[in-house]
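Trainee: Taken in order, these protein sequences are the chains called A and B.
So the numbering used here is basically just the index in the first sequence, starting at one, shifted up by 78.
So the numbering used here is basically just the index in the second sequence, starting at one, shifted up by 78.
One or more hints might be untrue.
Intra- or inter-copy, both count: the list cannot distinguish identical chains.
Below are the EDC-like pairs computed for lysine to aspartate or glutamate, each with C-alpha atoms no more than 16 Å apart in a straight line [to be verified]:
(1) 551 - 646
(2) 551 - 632
(3) 244 - 201
(4) 196 - 777
(5) 607 - 330
(6) 428 - 634
(7) 624 - 644
(8) 668 - 543
(9) 474 - 657
(10) 668 - 701
(11) 478 - 330
(12) 358 - 224
(13) 551 - 644
(14) 594 - 612
(15) 478 - 631
(16) 316 - 266
(17) 619 - 632
(18) 327 - 809
Hints are computed from structural coordinates only; laboratory data are not their basis.
The primary structure of each chain is shown beneath.
Number of protein chains: 2
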Amino acid sequence: MFVLKYVIEHPWHIIEEGYHPEDNRLYESLMSLGNGHMGHRGNFEEDFTGDSLQGSYAAGVYYPDKTRVGWWKNGYPEYFAKVLNGTNVIGIHVEIDGDTVDLGKIQPENFTRILDMKNGCLDRSFTYNVNGKSFDFKIKRFLSYDMVEVGAISYEITANNNANIKFTPYLNGNVHNEDANYDEFFWENCSQSCDNNMGSITMTTKKTGFTVHAATKSVLRKGSDVIAAPVSIKEDDKYIEHVFETDLKAGENVALFKYFTLVTDRDHDLNDLSVYGEKKLTDAYKAGFEKLYADHTAKWADIWKEADIEIDGDIAAQQGIRFNIYHMKQTYNGEDPRLNIGPKGFTGEKYGGSTYWDTEAYCLPFYLSTSHEQIPRNLLVYRYEHLEKAIENAAKLGLKGALYPMVTMNGEECHNEWEITFEEIHRNAAIAYGIFNYIRYTGESDYLVEYGLDVLLNISRFWADRVNYNPYKDCYMMLGVTGPNEYENNVNNNWYTNLMAAWTLEYSLEALEYVKNSNSKRADEILAKYDFIEDEFTTWKDIIDKIYLPEIEELDVFAQQDGYMDKEQILVSELDPADLPLNQKWSWDKILRSCFIKQADVLQGIFFLNERYDADTKKRNFDFYEPRTVHESSLSPCVYSIIAGEIGYHNKAYELYQRSARLDLDNYNNDTDDGLHITSMAGTWMSVVYGFGGFSTADGVPKFNPFLPTNWNGLNFHMLFRNRLLVVGIDKENVSIKMVSGEPLKN
Amino acid sequence: MFVLKYVIEHPWHIIEEGYHPEDNRLYESLMSLGNGHMGHRGNFEEDFTGDSLQGSYAAGVYYPDKTRVGWWKNGYPEYFAKVLNGTNVIGIHVEIDGDTVDLGKIQPENFTRILDMKNGCLDRSFTYNVNGKSFDFKIKRFLSYDMVEVGAISYEITANNNANIKFTPYLNGNVHNEDANYDEFFWENCSQSCDNNMGSITMTTKKTGFTVHAATKSVLRKGSDVIAAPVSIKEDDKYIEHVFETDLKAGENVALFKYFTLVTDRDHDLNDLSVYGEKKLTDAYKAGFEKLYADHTAKWADIWKEADIEIDGDIAAQQGIRFNIYHMKQTYNGEDPRLNIGPKGFTGEKYGGSTYWDTEAYCLPFYLSTSHEQIPRNLLVYRYEHLEKAIENAAKLGLKGALYPMVTMNGEECHNEWEITFEEIHRNAAIAYGIFNYIRYTGESDYLVEYGLDVLLNISRFWADRVNYNPYKDCYMMLGVTGPNEYENNVNNNWYTNLMAAWTLEYSLEALEYVKNSNSKRADEILAKYDFIEDEFTTWKDIIDKIYLPEIEELDVFAQQDGYMDKEQILVSELDPADLPLNQKWSWDKILRSCFIKQADVLQGIFFLNERYDADTKKRNFDFYEPRTVHESSLSPCVYSIIAGEIGYHNKAYELYQRSARLDLDNYNNDTDDGLHITSMAGTWMSVVYGFGGFSTADGVPKFNPFLPTNWNGLNFHMLFRNRLLVVGIDKENVSIKMVSGEPLKN
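Construct the complete structure from the given sequences, taking the supplied hints into account.
Mentor: Okay, structure coming up:
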């Protein structure tokens, strides 16, 4: 069973019960809100002098921070794209009898902070005692999933004693990134306006020139009185405020409703931006809090209808899986093909950038099964749109074909560690695999004709240039790479990378055949566009035949890389627990030299090319690698869990699933205060649907080979498959597949 | 023969003839002045709006710049120590009839800038035409080698037309490092004073808190008139000036003498600093320019007496070798055991920090042969003083024993690339080898008793912890290292590192025996201090026996590292010359994957443990590795040159010597504008004395097995050996060894 460390068990809520300022950053991360367009950490609205990481983010708006500090290597990108903390739109300064409400100074009683995942909102309540008087606070905040540029807050105070209450809702553009170098301010060209009706701040990012317009308007409701006009307004540099004031008698109640909009010139013409934003704000204000909230929760109801997973008999597991689904849906709504899934979503600054190989390797299956097909397709088209930049990126390294970036916002590489940027090239294979996976799931082979083949051929061309023929051993090798296990750098012949490179070549040749057969004109056009000649494909075939895949012969397992067995062989179980997590306790040097594995590497290959390996092979490799794996990437346990389930290690599968599902909720890697591990949440989802559900589809028909963790009574999951909504029900005896909507499937 | 690219051939001078503002930074580097205590780039005194890198440095004064930008790894140092540009003390603003003299605006005629290496001064002369009038300028500057805190400038103008001349000598503390992040200013707590008599600026470095006091005083001499009082003075923030003015008639001549001092609280009590500095300035001023200059040149005469090398028949080679000796002596005078030899000396900001393994591997032999024994001994004691920090440094990586830093100012590591900081650990062996080399040269085995054994045992303890026993192959391996060839990172079993680690263990055990025999109490004391027990030494012996030294069996050569032969094997001669230097033309990825070698690696081991290898072995390894070496470290060609000479490749030896000797003069690696390659200059010296001179000493007697490059008529070199001054003369027929002073040597 789960041991709860931070939050209270609840099927639909994430609950902080009691006040825990020492873990405030953690709760802020867990309770982040987002709607694909914008997002906030679960910060308090009122002033707070305790420890907090303020975070207010707009999707696709980033700052290209300097990377050229210290040493430089040819081919490095010019910048590291940072997720950008923007105008604080949620702030409400509150005074009681002239004293500022600040939970950093006066500890509240009966404090709860709740993320309501069913309805997509953040609820907070507490009792605040000051100067011998007592007040009950109740606050609700949401970012509309229906009107994604709109957010609203209801901030309610009930007085147990007579008092004067002052609310000062404000916008504040004087914000920094905590990870800014030398506290650099990332915004410029700021303008603002404020009158009794509304206030706004417009700021433009340095270098990237994104303009973001924030506007706000508030209203006070006390009984039947609605007070729309502030008693005063004030402006300061990048700051506007409206002041509302009222006297409450004991037992009386007052609520401030703050509406805000965040609009950007990514979506609207710069010249119309403020007019548009203020119009939107007026619409929201006119609709009112209750209507906005109802439309918002209706959208969430739709999401859950198609994406929910119900676990019977294990509330913590239930909470964990919904937490993961919820945050995935907050981060990416699939409507803007220029966006992607950042590893921290809207929950923190860390890892900057938006797109990693996580998207194809982990997130795509989730969106394939929980969204309509246009959405996963948008994720693929995103890479097609970046193909020219990937070709440039390979050229910078002196290589042919396309090398997709490790981290990107707009197709350009924006990560600057050589061992990652230049060497963790297996990411390229994940992009090819994403195309394969999309087509396998949807049956839409024509994607190859329109977009897929261009990408595949150029990735394959890269692989063919990146390998070198070794005449002594008559094979093709790949030197100087970093595999998925980032606790090894610059190794030779990472098994996974070599495997997936050869697989990409194979699949690309198949794809080429498909396009030649179905649309030969288009095939010729593509071949001509990139100057492909037949000789090149002959070489590809030779590489497929002669790729070097290292093995540990005496154990009959695949070798993660050349020389892996020269390392001292110790198991994780033999480590002192005080040494974990290694990445916080050990020097990088010690980690690199050890045999310990950060995340699925050989196992990732077995997971991707599952059909190639028999159960014994899977078992031997699992038995060898799992005891050496520390799972210090959030992407690791889900893959191991799925393979464990497949080879009959059901308890192990459940143990690994726990680790994945509640990684953030239980702060396993002691880093949730920085933000959530968004992309790995999709992996958790996979370990339920692919793992416990035993889902697979090799031939256009969904198959399920399920098992239940022993402490679960039942598992239901909703999934979309080729325009059908299925609900798969598993209990201790039976499996049922219900088609809720769509045409019958033919086998 | 040399092809001169920048400077005019001259045995004692480095000459810029004609005005070359496009190469100004290059000439500024070449013509840097220094005296061990302070140094300047060869900047102009007067205002200059052209391209220039202003550089004024005080030895041992550095700024610990932030390194925590981007990604972070456990064990990284907190800072990267930067060489710090300080108060401009040489500045003289000059006006003619109210117009500022600026060679960036008006091109001078008959321009020459000369570094006079015999006398240690910088001479400049030119004709300046402005408003139809003409003036001859003659400027001499030196930093006294006799009073190292003093410098002086004579700035002389002869008028060919009547004119008003205004000199404004100043101090300016408003200086930046060009490599500062975000133009950060590195100084604080600045104070200043200025009166008719003198002016001063005192500034303290941020964080490190070094206080540097600069003071200046000037005097005007026109014929027999000496004008000591300025017509006016002025102060501004971190700026003081004195104004001198005179009218010249055609044919008349005026000279400004500017004296300055630079004193630091590294050498003097902070409270007395300004009093001391101003007293020193007064002394210098009273002595006068001519006397200061005479005392200064006398010191240089002494240096040349003991360190000169004369080459007959090749002026460019003559110039090259003196250039190297000269800059070595400017950089480090050996008097302060807290100082060391920075890779750029006082010639630029690049590479921050002061001490690399270059000191022991390259510089020590130079100082052993050209300085009295206390000076090389100071270099060794420097490391002894840092032993505790080296033990801490190893502990940070989770290892026992001592790991000396890759780059340091005060014993702490201050370089932050993991592949260097954590992995380029062969540096440790160079420090052990330095002790061995010092004792072999001087015969002072008792150094082991006093300082050496502590260092050796702790370095050995590090090696014994850093290797891992491989039970499958019954040997000790060293994984995850970077060898001297930095074009490979994180390799397994670098031959050089493994070799030198085992050698260190051997030598340490010998040293322990020596100390036990000569002073058993001291031996016991040391063993107790670091908790050594006999078992540990047993393990060391096992490691010595079973160290793994990779070989390329089919070629019977040592393998630079595991898997070297898996790389595509290409020779440098097969490269397009447009690809060179690789480090400017290729991506880091491509460099790492290639077989190309930056600098001597296997050959470095053969050079150090020369007696172990027969001529055939040296030849086979040279023949294999030299054609794969691009010599893109300044430390590379000298080692290859020496081995080439030894195996009879005389032309190759000379070719490689050329590359080393004139690296900066001819700007081979296209980076001299950043500063000079100071530490490699000692390597150049070695390639004359050890290479052409064939010097060796295995048994306390100097031996010479010389050869002359075919275009040289003769070679004489001066060297100190065990308190004797020798002059070795080599011509086409004969070798002579003259003992100029000291007792006869016994064989």
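Trainee: Against the earlier hints, flag every one the structure doesn't satisfy and list their numbers going up.
Mentor: 3, 4, 5, 6, 10, 11, 15, 17 and 18
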